[in-house]
Every structure is written in structure tokens, then in C-alpha cells.
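Peer 1: Here is how the chains run, residue by residue.
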Amino acid sequence: GAVVSQHPSRVICKSGTSVKIECRSLDFQATTMFWYRQFPKKSLMLMATSNEGSKATYEQGVEKDKFLINHASLTLSTLTVTSAHPEDSSFYICSARGGKTSSGANVLTFGAGSRLTVL
Amino acid sequence: AQKITQTQPGMFVQEKEAVTLDCTYDTSDPSYGLFWYKQPSSGEMIFLIYQGSYDQQNATEGRYSLNFQKARKSANLVISASQLGDSAMYFCAMREHITGNQFYFGTGTSLTVIP
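Keeping their order, the protein sequence lines are chains A and B.
Using the numbering used here, the first residue of the first sequence is number 1, and each one after it goes up by one.
Using the numbering used here, the first residue of the second sequence is number 1, and each one after it goes up by one.
Simulated from the structure, these hints should not be mistaken for lab results.
Incorrect hints may appear among the rest.
[Said to hold, decoys possible] The calculated DSBU-like cross-link candidates involving lysine-lysine, where the alpha carbons are at most 30 Å apart (straight line), are:
#1 K55/A <-> K14/A
#2 K20/A <-> K42/A
#3 K66/A <-> K14/A
#4 K66/A <-> K20/A
#5 K64/A <-> K16/B
#6 K55/A <-> K3/B
#7 K42/A <-> K14/A
#8 K66/A <-> K55/A
#9 K20/A <-> K64/A
#10 K66/A <-> K16/B
#11 K66/A <-> K41/A
#12 K16/B <-> K14/A
#13 K64/A <-> K73/B
#14 K41/A <-> K20/A
#15 K3/B <-> K42/A
#16 K42/A <-> K73/B
#17 K42/A <-> K70/B
#18 K70/B <-> K3/B
#19 K41/A <-> K64/A
#20 K16/B <-> K55/A
#21 K66/A <-> K70/B
#22 K100/A <-> K14/A
#23 K73/B <-> K16/B
#24 K100/A <-> K20/A
#25 K73/B <-> K20/A
#26 K20/A <-> K55/A
#27 K3/B <-> K73/B
#28 K100/A <-> K66/A
#29 K66/A <-> K73/B
#30 K3/B <-> K41/A
#31 K66/A <-> K3/B
#32 K41/A <-> K14/A
[Said to hold, decoys possible] Only part of the chain A face toward chain B is listed, based on derived beta-carbon distances under 8 Å:
#33 P40
#34 A105
#35 T117
Ideal Cβ positions, reconstructed from N, Cα and C, are used throughout, including at glycine.
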């Protein structure tokens, strides 16, 4: 089945530094990947849609200069949290349309998530 | 209006019993898909079951079944014979064709299975 690998799973950084999170589709090509942010015991909030070879589409209220997304290949999208601050601490999770249901419908396959803690 | 509504923030079920997690949705698109995902404490999102809007029969996947009531716009997840490992957050999601197949997620239900 489709697998999405996300790295790192946990990262702790100092305030003001930048952190890069990688999302790879291991056994399929993903022209589109999605980045979500999740606060504790809350739902997933779509941050942006990452498009291979073009600019990402950001959701309203998401700072594109703060959350840089690069989708350089059909199997890799990266999210860089620039000049991170404690309020950026969160669980970030990526996904891609890679799996199929038994009836052939597309399924969102998720990475394992990255827990960012900014000190 | 919320696309996906999950009204149960938390649910408890006795081990080996069945439990129903509620989900209602809102769409005017005749073509849509409904999904349930499980998120254990580790954080990964695990796909459980899918129901297409044109599917005549309720979807089933092992101990999971989806009670699809189209007229009521509900897509409840039924977990039979609950196991301790079923304790997790459960998210209902919808994909609409009209919005370019964007996924919408509910707020989730935290299920705790009691031994």
C-alpha cells in the first residue's frame, strides 16, 4: 500500500531558528501533498496544499513567509518553519493522495507527523 | 456551516462491546466520499473505512462498518467487539468532487475502551 514517510518525528529548537520537516511518498508519486497542523486534542487544520513544480496554495490566515513549502519533486515536499517561536510549537502532519480503497477511490495517506517544540 | 460535525468529544465503551461514533456532513455536491480515520496517541492517521455517495450498501472493513444514511446526511462508524487497542481519536472526513476533491475533517471523537 501507499506509504508516506515524514521526518523528523520530533524536533526541539530554540526560538528564532528554522526547522525543516520532510514528507516523502515512498512508493508512489504525489503531485499534490497537504500540510496540516494539529493542536492537542483538536482536529487537523489544513495549512497549505503543496504542488509539485509550482507555488504552494496557503489557507487563509497561514503566513506563507513563516511556513515555507517546497515541492521540488514528485516524491518530496518540505515544510520549513522559519524563525520559529514558542507559539509555533505544534504537531505537523503531511498527507498525499496515494492509497486506494477497495472500490478504487483515492485515500489520503498520512505521514506519522512531526512534533515541534520551540523553546 | 461546518462540513463535518462530530458531536461526541469523548466516548467510553466496555471491551468486547460495540460502539457507534456519530458523524454528520453537509454538502450540496451529489458526488462525495466519506472517510473515517483513527489517530492513536502516537499521532499517525490511519485510514479505516470509506463510503462513496453513490454506494448502495454500507461499507464494512472487518470490525468496522459505516452506517450510511444519505437522506439524513449521516455516516456513523460502528466498531464491533471493541478491543483495548481501539482507544484513540477518530476523525470523520469528507471529500467533495465540486471543491476539487479537498478533504474536510471533523473535530474528532476520543474513544476509550474499558477493560
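Peer 1: What are the numbers of the hints that this structure violates, sorted from low to high?
Peer 2: 5, 10, 12, 13, 20, 21, 22, 25, 28, 29, 33, 35
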